[in-house]
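Undergrad: Taken in sequence, the protein lines are chains A and B. The first sequence stops at residue 173 when you use our numbering, and every number in between is there. The second sequence stops at residue 1276 when you use our numbering, and every number in between is there.
Careful, some of the hints might be misleading.
[As the list claims (entries may be wrong)] The calculated lysine-lysine pairs, modelled on DSS-like cross-linking and capped at a C-alpha distance of 30 Å, are:
no.	chain 1	residue 1	chain 2	residue 2
1	B	K1203	B	K1241
2	B	K1199	B	K1139
3	B	K1033	B	K1199
4	B	K1241	B	K1139
5	B	K1246	A	K35
6	B	K1139	B	K1203
7	B	K1033	A	K35
8	A	K35	A	K97
9	B	K1246	B	K1199
10	A	K35	B	K1241
11	A	K35	B	K1030
12	B	K1030	B	K1241
[To be verified] Covered stretches of chain A (chain B as the covering partner; in silico rule of three or more C-beta atoms under 8 Å from a C-beta of chain B):
no.	stretch
13	20 to 29
14	53 to 67
15	70 to 84
16	131 to 138
It should be emphasised that the hints constitute simulated quantities derived from the structure, not laboratory data. Predicted model only: the values in this text are computed from it and were never measured. For every residue, glycine included, the Cβ atom is placed at its ideal position computed from N, Cα and C.
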Amino acid sequence: MRIHWVRFLFFVLVLTVFSAGNLYDAVAIGSLGLKPDLLLIATIFFAIHCATPDAVAASFVIGFAADLCGATMGPNMIAFGLLGSLFSQLQRVVLMKRILHQVTAIFIIAIAAGIITQLLCSLKMGQAAPQFVQTILGGAVYSAAAAPLIWLLFNTLSVWLGYYPQRYKRSGR
Amino acid sequence: MAHRQVNVSRGTLFFTLFIVSVVLQLIPHKHTKRLNVFFRSVFDSVLSVGLPRLPGVFRPALSTEEFVSRGEHNELWKAYNNTHAALIEMHRRYEALAQVRSRLPNPGPGLVLARVATSAISGFAHELNLNEGSAGGIKTGQLVLCGNRSSIIGSVSEVRETTATVRLLTDSRHTIMVAVWREGRQDYTVIRQMVGDGKDRCKIPMVSRQYDIRVGDAVFASAEQGLLDTPIVIGEVSEVKNDENKPLLLDITVRPILDPEEITEVAVIVMQPRES
C-alpha cells in the first residue's frame, strides 16, 4: 500500500515544528544540548517500511524539513535523501526485525548523516562547527537509544499514514 | 472520483530530488535563509511554547560556588565595571566641555524591550529570535543588552516587521569593537575588534605583545557613533598567550558574561539622533 501523501506531509510538518520548538529542548542533555533526531529516525522508519519509490521521496521530503528547522538549506536534504534511498535498497537484503538491528542501523546512519551534514554545512557557510565529533557521536547514541520508543509511536500512526508496518519479508522486485 | 497515478521510475525520482537538493545546497546561504526565517515566522507562536532552552535532564550540575553566588557576583562585577566605564567617559566629556562649548545634551538611547521567542544555539549559529521587529524601531546592527540591561550580549543581525534575530557575541560571524580596561588605570589598554569563537568564548585578534593585557581585565563594547554612547561591559579576559602562528601577537580569549539559556528578555539599544 502506498503512503497517503497529504497525511504524510502533515505528519512531517508536525514532527518538524516539534523538533524545532522550545518544548523539545526539555529532553536535551549535556552542555551540547544533545537531542534525539526525530526526523532522522522517521527517515529510517519510512525507508524500512515503504516501497522504494515512496521511501526515496519520503527521505528527501524529511531532509528538506530538517533543513527548514536547521542552520541552512541543502545539507540535510542531501544526507537524508542519499542515506534514506540507500537504506530502502538495503531493506531487501537486511531485515530490521529486532530492536537491536534497528538501534544499530540508526546509530550508524546518524553518524553518516551527521558527517555529511557537517561537511556540507561547512562548505556552504564557510565555517566549521566546534565540537562536531562529540555532537555527532552523542546525537547518534541518544537517537539510537530513544529510537525504540519513537518507533512505537510511528507504528501506531502507520495505518493512518497509509502503510502497514512489520512487513518483514524480502521483496522480489 | 478517478485517481490519477503518476508513474515515475525510482531512478528518475531519485535524481530529480537529488538535483533539487544540490541546487539548494549551491544557492548562497543569504538567499536560502529566507526559507528558514519564513518557517520560524509562520510557526513562531508554536515554537515559542515553553521557555527557550528549558533546563534539560542530565545536564551537568552547577558547583556549589556557582549555584549560590556566581550570578550575584556577576551582576556586581558588571555594575562595578560599568560605573568605571561611565566615569572614564564622563572624564573625557568634562575635558571636552572645559575647552569648547558643548552641543546640546545627548537625549540618550532608547531601549526596546523584547521577549526571546526561540533560541538557535548550534555549531553554526548562536542566535536569539525576538518578538519585536522594525515596527518597534529595531534596525540591523543595533546592540542588544541582557534583560537587566547590565551587559551587551550581541547585536541585531536581521529584522522583519514583527520579529528580529540577535546574533550573540559568541557566534563566529559576530564582530564588535571592544576596549580592554584594568582596574586602577585611567584609560583603556587597547581598542580592537572582537570575534566570537563559535563555542562559548570570544577572541581579540591582532593585538601586539607590547600591550599589557592580563587575565581578569574587563572588556567593554566600545562607544560607537549611532550605536552606543557609553562603553558597556561585555566580559573579562580569560586567557592570554602568545599567538602560535604569529609570535609578535597575543592570542586573547574573552569570556563574555552571558548564558543563552538564562536569557528570556532583552533590551535593544535604539539611539536617538542628537539635536544640533
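Undergrad: Next step is simple, just say for each hint if it's right about the structure.
TA: Against the structure, the hints:
Between K1203 (chain B) and K1241 (chain B), the direct Cα distance comes to roughly 12 Å. Compliance with the 30 Å bound is thereby established for this hinted pair. Only pairs whose Cα atoms come within 30 Å are accepted, and K1199 (chain B) paired with K1139 (chain B) is accepted, the gap being roughly 26 Å. Between K1033 (chain B) and K1199 (chain B) the CA atoms are separated by roughly 22 Å; this keeps the pair inside 30 Å, and the hint holds. Distance hint between K1241 (chain B) and K1139 (chain B) is unfulfilled; the C-alpha atoms sit about 37 Å from each other, more than 30 Å.
Restraint check: the Cα-Cα separation between K1246 (chain B) and K35 (chain A) comes to about 39 Å, which exceeds 30 Å; the hinted pair is violated. Under the criterion of a C-alpha separation no larger than 30 Å, the hint pairing K1139 (chain B) with K1203 (chain B) is consistent with the structure, at around 26 Å. Pair hint K1033 (chain B) plus K35 (chain A) holds up; C-alpha atoms about 23 Å apart against a cutoff of 30 Å. At most 30 Å may separate the alpha-carbon atoms for a hinted pair to count; K35 (chain A) and K97 (chain A) meet this at roughly 25 Å.
The suggested pairing of K1246 (chain B) with K1199 (chain B) holds, with an alpha-carbon distance near 23 Å, which does not exceed 30 Å. Pair hint K35 (chain A) plus K1241 (chain B) does not hold up; C-alpha atoms about 36 Å apart against a cutoff of 30 Å. Taking the CA atoms of K35 (chain A) and K1030 (chain B), the gap is near 27 Å; set against the 30 Å cutoff, the hint holds. Distance restraint check for K1030 (chain B) and K1241 (chain B): the Cα-Cα separation of roughly 36 Å exceeds the 30 Å cut-off, and the hinted pair is therefore not satisfied.
Note: the stretch 20 to 29 of chain A has 9 residues with beta-carbon separation from chain B under 8 Å; the three-residue rule is met and the coverage holds. Coverage of a stretch by a chain is defined here by at least three residues with a beta carbon nearer than 8 Å to that chain's beta carbons; for the stretch 53 to 67 of chain A and chain B the count is 7, and the condition holds. Only residues whose C-beta sits within less than 8 Å of a C-beta in chain B count toward coverage, and the stretch 70 to 84 of chain A has 10 of them, enough to reach three; the restraint holds. Requiring three or more residues with a Cβ within less than 8 Å of a Cβ of chain B, the coverage given for the stretch 131 to 138 of chain A holds, as 3 such residues are present.
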